[in-house]
Structure formats: C-alpha cells, structure tokens
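Chains as they are written, first to last, in our numbering: chain A, 1 to 344; chain B, 1 to 306.
In short, the hints are calculated from the structure, not lab data. Any given hint could be a false lead.
Taking lysine-lysine pairs in the DSS-like style, the calculated list, with each CA pair at most 25 Å apart, reads [said to hold, decoys possible]:
| id | chain 1 | residue 1 | chain 2 | residue 2 |
| --- | --- | --- | --- | --- |
| 1 | A | LYS290 | B | LYS129 |
| 2 | A | LYS12 | A | LYS267 |
| 3 | A | LYS12 | A | LYS167 |
| 4 | B | LYS129 | B | LYS298 |
| 5 | A | LYS12 | B | LYS86 |
| 6 | B | LYS298 | A | LYS290 |
In this text the structure is predicted, and so the values were computed from the model without any measurement.
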Amino acid sequence: MSAITFTSFDRKATLRWVLALAGAAAVFGLLVLTKGANPFEVYRSMLDSVRGSSSVEGILLKATPLVLAALAVAVPARAGMVNVGGEGQLVMGGVFAMGVSLAVDGGLPGQTTLVLMCIAAAVGGAIWAAIGALLKLFVGINEAVSTLLLNYLAVNVMLFLIYDRWKDANGSGQPATRALASSERFSLLGSSNVHAGLLLALVATAAIWWVLRSTRWGFRLRVVGGNPEAARRAGISVGSTLLSAMLVGGALAGLGGVVQLAGAEFKLRQGFLATYGYVAFLASWLARHKPINVAVAAVVLAGISVAGDSLQLDSSLPAATVNVLMALVLLAVFGWTRTKAVSS
Amino acid sequence: MTALPLDVMTGAVRGGTSILYAALGESVAETAGVVNLGTEGSMLVGALAGYAITAHTGSPWVGALAGGVAGGALALVHAFFVLDRKANQLATGLVVLFLGLGLTSLFGAAYVARTATSFDAWNVPLLSKIPWIGEIFFQHDPLTYLTYFLVPALWFVLTRTGIGLLVRGVGERTEVLGTYGHNVRLVQYLAVVAGGFLAGLGGAQLSTAYAHAWFENMTQGRGFVAVAVVIFAARRPLAAMGGSYLFGAALALSPALQARGWQINQFALDSLPYLAVIVVLVLLGKKRAAEAPEGLQKVFEMSTAT
Numbered sequence: 001m002s003a004i005t006f007t008s009f010d011r012k013a014t015l016r017w018v019l020a021l022a023g024a025a026a027v028f029g030l031l032v033l034t035k036g037a038n039p040f041e042v043y044r045s046m047l048d049s050v051r052g053s054s055s056v057e058g059i060l061l062k063a064t065p066l067v068l069a070a071l072a073v074a075v076p077a078r079a080g081m082v083n084v085g086g087e088g089q090l091v092m093g094g095v096f097a098m099g100v101s102l103a104v105d106g107g108l109p110g111q112t113t114l115v116l117m118c119i120a121a122a123v124g125g126a127i128w129a130a131i132g133a134l135l136k137l138f139v140g141i142n143e144a145v146s147t148l149l150l151n152y153l154a155v156n157v158m159l160f161l162i163y164d165r166w167k168d169a170n171g172s173g174q175p176a177t178r179a180l181a182s183s184e185r186f187s188l189l190g191s192s193n194v195h196a197g198l199l200l201a202l203v204a205t206a207a208i209w210w211v212l213r214s215t216r217w218g219f220r221l222r223v224v225g226g227n228p229e230a231a232r233r234a235g236i237s238v239g240s241t242l243l244s245a246m247l248v249g250g251a252l253a254g255l256g257g258v259v260q261l262a263g264a265e266f267k268l269r270q271g272f273l274a275t276y277g278y279v280a281f282l283a284s285w286l287a288r289h290k291p292i293n294v295a296v297a298a299v300v301l302a303g304i305s306v307a308g309d310s311l312q313l314d315s316s317l318p319a320a321t322v323n324v325l326m327a328l329v330l331l332a333v334f335g336w337t338r339t340k341a342v343s344s
Numbered sequence: 001m002t003a004l005p006l007d008v009m010t011g012a013v014r015g016g017t018s019i020l021y022a023a024l025g026e027s028v029a030e031t032a033g034v035v036n037l038g039t040e041g042s043m044l045v046g047a048l049a050g051y052a053i054t055a056h057t058g059s060p061w062v063g064a065l066a067g068g069v070a071g072g073a074l075a076l077v078h079a080f081f082v083l084d085r086k087a088n089q090l091a092t093g094l095v096v097l098f099l100g101l102g103l104t105s106l107f108g109a110a111y112v113a114r115t116a117t118s119f120d121a122w123n124v125p126l127l128s129k130i131p132w133i134g135e136i137f138f139q140h141d142p143l144t145y146l147t148y149f150l151v152p153a154l155w156f157v158l159t160r161t162g163i164g165l166l167v168r169g170v171g172e173r174t175e176v177l178g179t180y181g182h183n184v185r186l187v188q189y190l191a192v193v194a195g196g197f198l199a200g201l202g203g204a205q206l207s208t209a210y211a212h213a214w215f216e217n218m219t220q221g222r223g224f225v226a227v228a229v230v231i232f233a234a235r236r237p238l239a240a241m242g243g244s245y246l247f248g249a250a251l252a253l254s255p256a257l258q259a260r261g262w263q264i265n266q267f268a269l270d271s272l273p274y275l276a277v278i279v280v281l282v283l284l285g286k287k288r289a290a291e292a293p294e295g296l297q298k299v300f301e302m303s304t305a306t
C-alpha cells in the first residue's frame, strides 16, 4: 500500500513519473502527427491556451464539478469499490436540484431554495449510487458494471424530463428546462466567472481528507478496502461500510451536479456534464484516491480538457482528441509509476 | 403492417447481433480470467475501422475484418497493462475505453457524414419463407448469419475441446497451470485479443449493417451491456445470445410502438434496454456470480488495490 504521491521526494519514483508522462506525451505527439498536425505546435497552443487569467477561470469553472465527482470515485475506492457511475450521479444531482427549483417555484425567501437544492442534489446522487451498492451487496453484481449501466438510465431520465415534463414552453431551439432564478444561483467570486461552488468543492476536499484520515469511519473504509475478510473478522460490518462509502460518494457527485447547474449553466439541457464522470474517474485513479491529490488531478485534467478546446481552433483537431492524451497518461501511470507491486 | 411481437423479435436479432459478438468475445476473455470493460472501446474502434475501410475499399467484408483487427489491437493494450504491468483490470478497461473514444473522434470526424456501401440484407433461400421464423432469423445481413455458426462453434470449443479446457483451466486455476508448465500469460493474451477481435467485429456490424453510418460514441454502452450479459449468461454462448437479443428486443420496442401511433416518450423507451439488462442481472446475477472462475472472482471482489 505504499503508493507514490505527488509530494513524494523519492527520486527514483519522480524519475519514473517523468518518464511515464514523457512517454505518454510522445505517443500522443505521434498520433497527432498522423493527422498532419505538428506535435510541437499542438503542445505550444495547448500551453498557450491555459495561460492568462481568463483561461485560469475556465479551468477552475470546469474543475469545480470535476473535483466533487472525482472525490465521489475516491471515497468508494478507499473501501475497494469501483464507482464508474459519476456521470449518472452528477446528472441525478442536477435533476433533483432542478426538481426542487421547479417545485418551489420562487415561493421561498432569500437563498433558502438554493440550500434545499444542494441537499436534494446530494440525496439524488446518493440514491443513484446506493442502487449500485445494494446490487453488489444483495445480488452480487459488480458495482463497476451496474453503475455504468445506471449512467445511461440517468441520462435518459434527464432527457425524458427535459423533452417532456420540464420542457420550457417559452424556450426556443434545443429543449431545456427554464433557467434558475437569480436567487437560486451560486454567487460569483469577485468579478470572475468562478462561482461559490468552487469553495464548496474545496471545503468538501478538505473535509473528506480529514474524515478519511482521522475518523473511525475513514479507518473502517481503509480496512475493508485492504482486506474485507480481515475486516469481517475484526467485527467491522463490511456491507454497511461499503454502502456508506457509496452513499457519501454519490452525495459528492450529486453536489457536483448542483454546482454546475446553479453555478454555470442554470438550466438542464441535453449533454449536461457529459463525460465529466469519466474524466473524474481518471482523476481519482491518477491520484490513487488520496483526496488532496485527487483534487489537484481534477484541476490538471480540467486544464488538459480546456487546452483541448484550443486544438479545435488552432489545429482543427476534434476537441475530444485530448481524451487520447488523458488515457495515455493514465496508462503510463498504471504501467510504470508504481513501486514494484506486491502481487495481491 | 406486421404484428408487433414479430416486429420486436425481428428487431431483437437485428439490434442484438452487435452485442452478441461483443458478448461472445468477452465470454472468451472472462473464461481465461480477464474482465475487459474496454469491450465498449473495442466495439467503438471496430465500428469506425469497419466503416472507414468499407468506405475506402467498397467491400464491407474487408471492413468487417478491419473492424475485428482494430478491436483486437485495442484489447491488446488492455491485455498488456493488466497481464504484464499488473494494472487493475476494471480501471484499465475504462481507460482503454476512453482511449478508444478519443481515437475514434480523432480519426472518425472525416467519416461522420460519409456514405459507404454496406451489408445488405440477404434472404436465406427457403428458410426465410418460413412464417415468423423466417422473418425473425433469416432476413438479415451476412454477419448476423455468421453468429448462428459462431455460437455453437464457440460453445463446442470452450466446453468440448482441449483448447477450451486449457482456457478454462487458466481462468480457474491460474497458479496451478503455471506450475504445470503451461504458458498461462500467452493463453490469457490470446483470449483477450480474440475477445477484442469479436467485439470489433460486432462494432463493424453495428456501423456497416445496422446503422449504415458512423457517428461519435455510436455504441452507446453496448460494450458494457455485453459485459453485463456475460455475467448473467455465465460465459455460455447460447445464453449470451438470449441476453443480447433481449437488449435488441428492448431497443426495437421503441420504433415499433411509435410506428403504431403510441404516444410514449422517446427517452422513456430508450431507457428500457438498460433497465431490462439490470433487471435480468438482478434476477439471475446472484446465482451466476458464485459460478464465476476463481480468477474472475478476485477481479470482481478486490477492486481498487493498486
């Protein structure tokens, strides 16, 4: 369990990281070369696109739901579970929050509705994650498979609502819900586009870091994740530990849904947070599920993804091309940055 | 207008075949003890390669072969990282999917609006004239007919031959076979790559025979569904066929009902295939999980240790 962290000063380990990342970058360079783009130009335009204050804002905006969704992967992973349901749990967070806004319909004073929306989003995400946990505990279905299938279900539920029950009759163009009232939105930080949801994500990161490190619950997660059989013998209820880890994870992802809805988009529409769940999954695995590192990794991947938008403009490569770069980085990290694995 | 059940059952075969290929492939890999969630990615690259090569050569057969090769190549990446670098199987599978997603948007943009010759339906003489049976099973594309041979052939190989015994032994008693001098890793490599080849073939069937088009992320979770199907089919080819057709039937229900003027929301119907697979997993999953080879149970239980 001696995973290397970002802060490790072990020189050999650092060298392995550098070589792994350089290898991933080289392979990606070769790939864009086959598409007739100059790899050096591509990397330069990607770097250029993440400098400057407006780029930093863009990255932080993108990172806000991503950090929460990545923590949603990390917490269950501590207990040995693979939560790939980030997309569905994010979407359910957005759906529950929007539902509260529509139900209240401006009938509550001040920012009460926003608070209720956040609670509802956490509950929505937790319910969606709990389905995966319960299927594992009672039917023995692996949670990676069930949470993946639940993603498609969640997106269809959202689309059903957008195109049917919740469709804004006055809207034009692509169907969407009505926009949130201004009192239901997160306030912006200073004169930037970054909103208070970022603070929520940072507080959540710190809280999860503390909880995992210093509470009995955090300890139980580690024991169950390390060796369920030993945990069982030590009198830890493995089932309830796994369920609670998924509930907390789902709630975090649900919050990711509401910060995007109430901080950046203000209405639900098709494509809401699409692929964020998968990028968040990569972030958590990149950082080996350590909360602070996971948040950093989420910001880095948000940066890569913002840089990807520049590819479309400067090199006329599809924006999703950076998914290749992210995947290569992850593979390199999986393959070559571990301390020699004690085969489990 | 034909009867609704007939429409749905015909659609079950038409829409289920691509998943069936992927499920057969995943059955092989899982029999050897390797879970490949990258099956979704193999289908995706297979769909693109199949479509692109068909567009260039004009031959959907060459396209199908290319689809299989592309799917196998992506599965090779999975095999290398989980077998040689001992990376987590579930996480690596998803990263491999992500790789496939990125690669197909990088290389697929040029083919989005492009037309290509595709597999045409070919009615099997005599058999296609049988009422119901003929329409359901024998008025499809050649890749669909190929599965009618592949399913029994794979069942035979996996359960009645020395090769099958070896593959099952590798999945069941990995360490033991190693000590008896069998090259366990080679068998696993071959099983995973063969599985990817079949998934790629399924992807090619999807783009060249079912959708007659390529578009980004067109598999829509079919590869994941295939993995789920393999769980409740317990890696048995015939059961995988049933599970795949179930998904196909749920897919076909939506257009069939709409054609009859039912006013049901599109997206409510679109969620049916995934719901159906989850429900069947719930009904059959428990029994099957216990039957899984030891090697597989390890993957599914101890998930995130790195």
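Taking the hints in turn, this is what the structure says about them:
| no. | hint | verdict |
| --- | --- | --- |
| 1 | LYS290(A) to LYS129(B) | violated (63 Å) |
| 2 | LYS12(A) to LYS267(A) | violated (49 Å) |
| 3 | LYS12(A) to LYS167(A) | violated (56 Å) |
| 4 | LYS129(B) to LYS298(B) | violated (49 Å) |
| 5 | LYS12(A) to LYS86(B) | holds (20 Å) |
| 6 | LYS298(B) to LYS290(A) | holds (24 Å) |
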